[in-house]
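Novice: Could you build all of it, start to finish, from the sequences and the hints given here?
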Amino acid sequence: MRKFVFFGGKGGVGKTTVSSAYGLRCARDGLNTLLVSTDPAHSTSDVFDQRFGDEPEAVAGHDNLFAMEIDPDAEIKRHMAEIRSAMSDQVSPAIVNEIDRQIELAHRTPGAYEAALFDRFIDVMRNSEDYDRVIFDTSPTGGTLRLLALPEFLESWIDRLMAKRRESVDLFEKAAIGDAEAREKLANDPIIERLTDRKETFEFAGRVLREEAAFYLVLNPDDLSIEESHRAIADLSEAGLGVGGLIVNKVAPEPDPDETGIGATYLRERHQTDRRRLDRIREEFDEPVVAVLQQRVSEIKGDLLAEIAEEIAIETAPDAPTTD
Amino acid sequence: MTLHERIEAFRELLEEWLHGLYHGMIEHPSFEKIEKEAEDAADVFMFACFADAFGIPSPVSYYTAELLPYLTDEFVAWERRMWDRQSLIERKGQQYHF
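Protein sequences appear in the order of chains A and B.
Each residue of the first sequence is one higher than the last, beginning at 12 in this note's numbering.
Each residue of the second sequence is one higher than the last, beginning at 377 in this note's numbering.
No wet-lab data here; the hints were simulated from the structure.
Virtual Cβ for every residue (Gly too), placed ideally from N, Cα, C.
Just to be clear, a hint being listed does not mean it is correct.
What the hints assert, rightly or not - In silico lysine-lysine, DSS-like type, Cα no more than 30 angstroms apart, as pairs:
#1 A:K14 to A:K261
#2 A:K185 to A:K210
#3 B:K412 to A:K185
#4 A:K14 to A:K210
#5 A:K261 to A:K88
#6 A:K210 to A:K196
#7 A:K261 to A:K312
#8 A:K196 to A:K185
#9 A:K185 to A:K175
#10 A:K175 to A:K196
#11 B:K412 to A:K175
#12 B:K409 to A:K196
#13 A:K210 to A:K175
#14 A:K312 to A:K14
#15 B:K412 to A:K196
#16 B:K409 to A:K185
#17 A:K175 to B:K409
Claimed, not checked - Computed footprint of chain A on chain B; a stretch qualifies when at least three of its residues, placed anywhere within it, have a C-beta under 8 angstroms from a C-beta of chain A:
#18 377–383
#19 387–395
#20 429–437
#21 440–454
Specialist: What follows is the structure in structure tokens.
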């Protein structure tokens, strides 16, 4: 089993429940486990009845289990403050205002949120040597998948930027004839240095995602969620990432045969529809269905979570062969 | 003044004139042309980094904002140039002296 496990899927399918349950299972199997929530509407806190912050914290009542909730807004603010302080070291205050507008702008673009989240992802992956298993409970499909496809895209972008920068600096060097000092120099150019740093980070992320991460999709037995999963698998494979398996959640339970009330009839029909959809899922997807979880009446916490944990048939041993 | 000194003075004058001529006719124009070319290349780089300054959303502006502290002067100058520039031809035309 790979070290980093991502759970994705449409909003409301129960990603948090599944990833918490899986985390609990890993922890019970003796693995040091970190559960990372990246959903802006954090609900890990509700599952464990404990507030989590931006740093890993031990989950009360469970050995080996740690949890954290990433806050991209805080990360954006931190990033902005860092740039501003680097600038006040370098630049005269007169010019700072002019640049400030650009910094604000860059941190308000729609991509900023994703970039910040992505930075934190990488951070967590980089500093994960204390854990045997890191589980990411991701935000609903679209955003996170785009995020995971980012490294390659960003790498090529940075490559192009670096080529452009090299070209212009090279020309500036050539323009400095004789003893004249070149306006820009290629050796220790801070821009190229920064871009190289970034590129290395993206390369690291790309490598880890391809080689050390496993992806699981959570879906419900309904058409929307099935469609969304098809798209998600297509997006992921386009980014060179395979999906390890599917977890079908919220399948209606079957009533006992001797129950005949209205409620029981309704449930029986629901159960049959869900069965058919489940068959469809098994037929349509190449990826194995690793768990089928029944719809629960009560909120999923405590013992119920442990119960679900047992039902998720994903290997937890760190060195077992991977499913994908 | 001895003959020797007069020849020396004349040679110095000649050298200065020749260098001036060389600088004016060859060195300076090519220096200018390369530098303008370098500025153009730098502009393309700046645009790729900060396209959002002109309302074009850029997926990497969050990351390239990190470069701003090192590019401040260039950034301000670039922004001004981009707003001022009438056409590409006008800018290219500046590189030639007729």
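Novice: Are the hints correct? Go through all of them and say.
Specialist: Hint by hint, here is what the structure shows:
1. For the suggested pair K14 (chain A) and K261 (chain A), the alpha carbons sit about 27 angstroms apart, so the restraint of at most 30 angstroms is met.
2. A hinted pair counts as satisfied when its Cα atoms are at most 30 angstroms apart, and K185 (chain A) with K210 (chain A) qualifies at roughly 27 angstroms.
3. The hinted pair formed by K412 (chain B) and K185 (chain A) meets the criterion: a straight-line CA distance of about 12 angstroms does not exceed 30 angstroms.
4. For the hint pairing K14 (chain A) with K210 (chain A), the CA-to-CA distance comes to about 23 angstroms; that is within 30 angstroms, so the pair holds.
5. Note on K261 (chain A) and K88 (chain A): the hinted pairing is violated, with a Cα-Cα distance of about 38 angstroms set against a maximum of 30 angstroms.
6. Only pairs whose Cα atoms come within 30 angstroms are accepted, and K210 (chain A) paired with K196 (chain A) is accepted, the gap being roughly 21 angstroms.
7. Only pairs whose Cα atoms come within 30 angstroms are accepted, and K261 (chain A) paired with K312 (chain A) is accepted, the gap being roughly 15 angstroms.
8. A threshold of 30 angstroms between alpha carbons decides the hint, and for K196 (chain A) with K185 (chain A) the separation of about 10 angstroms falls inside it, so the pair holds.
9. Using a Cα cut-off of 30 angstroms, the hinted pair K185 (chain A) and K175 (chain A) holds, with the two alpha carbons roughly 15 angstroms apart.
10. Of the pairs offered as hints, the one joining K175 (chain A) and K196 (chain A) holds, with about 14 angstroms between alpha carbons and a cut-off of 30 angstroms not exceeded.
11. About 15 angstroms separates the Cα atoms of K412 (chain B) and K175 (chain A), which keeps this hinted pair within 30 angstroms; it holds.
12. For the hint linking K409 (chain B) to K196 (chain A), the alpha-carbon distance of about 18 angstroms falls within 30 angstroms, and the restraint holds.
13. For a cut-off of 30 angstroms, the pair hint linking K210 (chain A) to K175 (chain A) stands: about 15 angstroms separates their Cα positions.
14. Of the pairs offered as hints, the one joining K312 (chain A) and K14 (chain A) holds, with about 25 angstroms between alpha carbons and a cut-off of 30 angstroms not exceeded.
15. Between K412 (chain B) and K196 (chain A), the direct Cα distance comes to roughly 16 angstroms. Compliance with the 30 angstroms bound is thereby established for this hinted pair.
16. A distance of roughly 11 angstroms separates the Cα atoms of K409 (chain B) and K185 (chain A); the hinted pair therefore holds under the 30 angstroms criterion.
17. Distance check on the hinted pair: K175 (chain A) and K409 (chain B) sit about 18 angstroms apart at the alpha-carbon level, within 30 angstroms; holds.
18. Under a criterion of three residues with beta carbons nearer than 8 angstroms to beta carbons of chain A, the stated coverage of the stretch 377–383 of chain B fails, only 0 such residues being counted.
19. Look at the stretch 387–395 of chain B against chain A: 0 of its residues bring a Cβ nearer than 8 angstroms to a Cβ of that chain, fewer than three, so the hint is violated.
20. Coverage of the stretch 429–437 of chain B by chain A holds. Counting CB-CB distances below 8 angstroms, 6 residues qualify, and the rule asks for three or more.
21. Coverage of the stretch 440–454 of chain B by chain A holds. Counting CB-CB distances below 8 angstroms, 12 residues qualify, and the rule asks for three or more.
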